[in-house]
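Peer 1: Here is how the chains run, residue by residue.
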Amino acid sequence: MSKRLQGIITPIIAVLLGIIVGTIIMLVSGYNPISAYNALWNGAFGEVYYFGEVVRQVTPYILAGLAVAFAFRVGLFNIGVEGQFIVGWLAAVWVGTSFDLPKIIHLPLAIIAATVAGALWAYIPGLLKARLRVHEVIVTIMLNYTALHVSNYLIKNVLTNHKDRTGMIKESASLRSDWLQSITDYSRLHWGIIIAVICCFIMWFLLERTTKGFELRAVGFNQDAAQYAGMNVNRTIILSMVISGAFAGLAGAMDGLGTFGYVTVKSGFTGVGFDGIAIALLGGNTALGVFFSAILFGALKVGALNMPLEAGVPNELVDIIIALIVFFVASSYIIRVVLNRFGKKDVK
Amino acid sequence: MKKRKIGLALSLVLAAGTILGACGKSDDNKGNDTAKNGDKKAAFSVAMVTDVGGVDDKSFNQSAWEGLQKFGQDNGMKKGVGGYTYLQSKSDSDYSTNLNTLARQKFDLVFGIGFMMQGAVDEIAKQQKDKHFAIVDSEVKEPNVASILFKEQEASFLVGVAAAMTTKSNKIGFIGGVESEVIERFESGFRAGVQAANPKATVDVQYAGAFDKAELGQSIASKMYSSGVDVIFAAAGATGNGMFKEANDRKAKNPNATVWTIGVDRDQSDMGKDVVLTSAVKRVDVAVQDIATKAKEGNFPGGKVTLYGLAEDGVAAAPINSSVANKADIEKAIKDWTDKIKSGAVKVPGTLKELKTFKAK
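Order-wise, the sequence lines are chains G and V. Per this note's numbering, residue 1036 is the first one in the first sequence, and the count goes up by one each step. Per this note's numbering, residue 35 is the first one in the second sequence, and the count goes up by one each step.
Straight line, CA to CA, 30 Å or less: simulated DSS-like cross-link-like pairs of lysine-lysine:
1. K1205(G) x K163(V)
2. K175(V) x K1205(G)
3. K390(V) x K376(V)
4. K163(V) x K1198(G)
5. K175(V) x K140(V)
6. K1198(G) x K92(V)
7. K1191(G) x K381(V)
8. K160(V) x K1191(G)
9. K1198(G) x K393(V)
10. K1205(G) x K338(V)
11. K160(V) x K1198(G)
12. K124(V) x K1191(G)
13. K1205(G) x K124(V)
14. K165(V) x K1301(G)
15. K160(V) x K1205(G)
16. K338(V) x K381(V)
Since the hints were made in silico from the structure, they are not lab data.
Based on the sequences and whatever the hints tell you, model everything.
Peer 2: Listed below in structure tokens is the structure:
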């Protein structure tokens, strides 16, 4: 079986397995799986409103998935997408609320601010990894908490006067559009999806079609070999973390400038960054794969909200089914081994 | 090689078939649903959206759902679309989707539980002007939104009186969740109550910075008890559960230790029968029932803030623990203060600023 084909079929099997085991669990606990999956479908695509909400959810998911995938391709585990997402969100809203500029300057400025904030936040673990060989997983996890609490402090003490949320961003910094809202019956769909799709293309182009991308991938395959070939491994590590963080910060801008238009004091993580890890895994760390798996996760997340209401399935069971799909995705290695077995038998 | 590709193509077609099959079915069902909704349009229906705490948070989401269930049962309604129901939010971005879903399912009134939903309610109320919404713990200035606020300071004042009369060391502790307007009302009311009943007592105020960190609550409570504090009031959601654990642990090690706790939101005496002195009860259930009843009768208080204090039975002090030595005295004092507050003779401070100028009569 060709590698490419395997790459496509493994995630599909993972999703199907998740759905099948979910069905069994629902049958055992006395719920009707058909009506449950119907409710899931209706909640994601049943009405144009829900479709708009799915696209809205998919937008930051694509970027968070790209962020994780990009670092992955260079052999780095960026668990800090959540933190970079939060600082990006904060930076976007900060610029969005505090300036009065024409839209053509204001909106790009807010987006760039978010990108830079995310990139800077990821620069720290990149630098530590490159210079001192501090493992990026630990640094990025810790920086998630730092980002959460620092941004909460800034919202309370700098952006507002001890309030729980900032005011709305200025209209000139908003990604929202009345037209998009009107065709989707007041969903929070915004222009960010176009940015997300462009970023998919950028990631593909950067990795597959440029010299720098070749270097990045080479370091991902084998650092020593890359070093031996005369590539600057340390600089590549930092660069990859910075680009990864830029994607994550951009994801934050999507929520800050599009979905919400403000930022609130958070008592915990948003989960977007962590979902990004699963999305990147399911998408095989490629730009196109991330795009499709983000659609799946977005549809699952939005559709699942409808399951308790329409099918009477309790929230906990919905969580289990979603988690099962993620589980089978994560264990795609097993699927790959099984596929290879069958493949070999066929050859004989 | 070819064979395998055919097999693959087959399985893909099968998969596509199942997915498409599901589409067909879902369309059929949707038709039925709308028909059903049309039939039931006459009956009153009400629903609520929880914040990320979930419906079983042992605090205000749970209390709100209990109120809604009671309202539904009293009016012979069924759980589900066309009757009464709830949706849970798993993240901040779910609020808007959940509120919209319920409004779309033609619920006559949709509650948003918790101040975190303020932005979402505000936005949707502007879009769906013919639908009614209500929000708890926050204010939304739209003609189709009823805002529900509580005078937490009044309940806190009463438990402050109880704390001040129970303490032997004259050292009392307060653990807040996240610094916010709501918790500030708790803090100022509590400190005013302590000051009114026992001016010699001091209050050690600490904020945990989270509503869901029991371990933080426990370490703060531990430090307070070790420094001589013998009564602690936690207005910190699930963070307060750590305080109960610390107090129970100390009581288990040394049954003669004087460690008291004060619960919040609902009567939390079930968190430790030897250590819970009383609770500052916030009757979200009463408020939810009240607003739902008003809406059903056609008196929906849209665009207005409905305040629930002692006088409206919206807040209260839970019964005093029976093992307190001067239980009768405390109950009498609480009753006196309750009357004074209800009659308006005493105005409990709701902010730290007001607390500075507060003088107990």
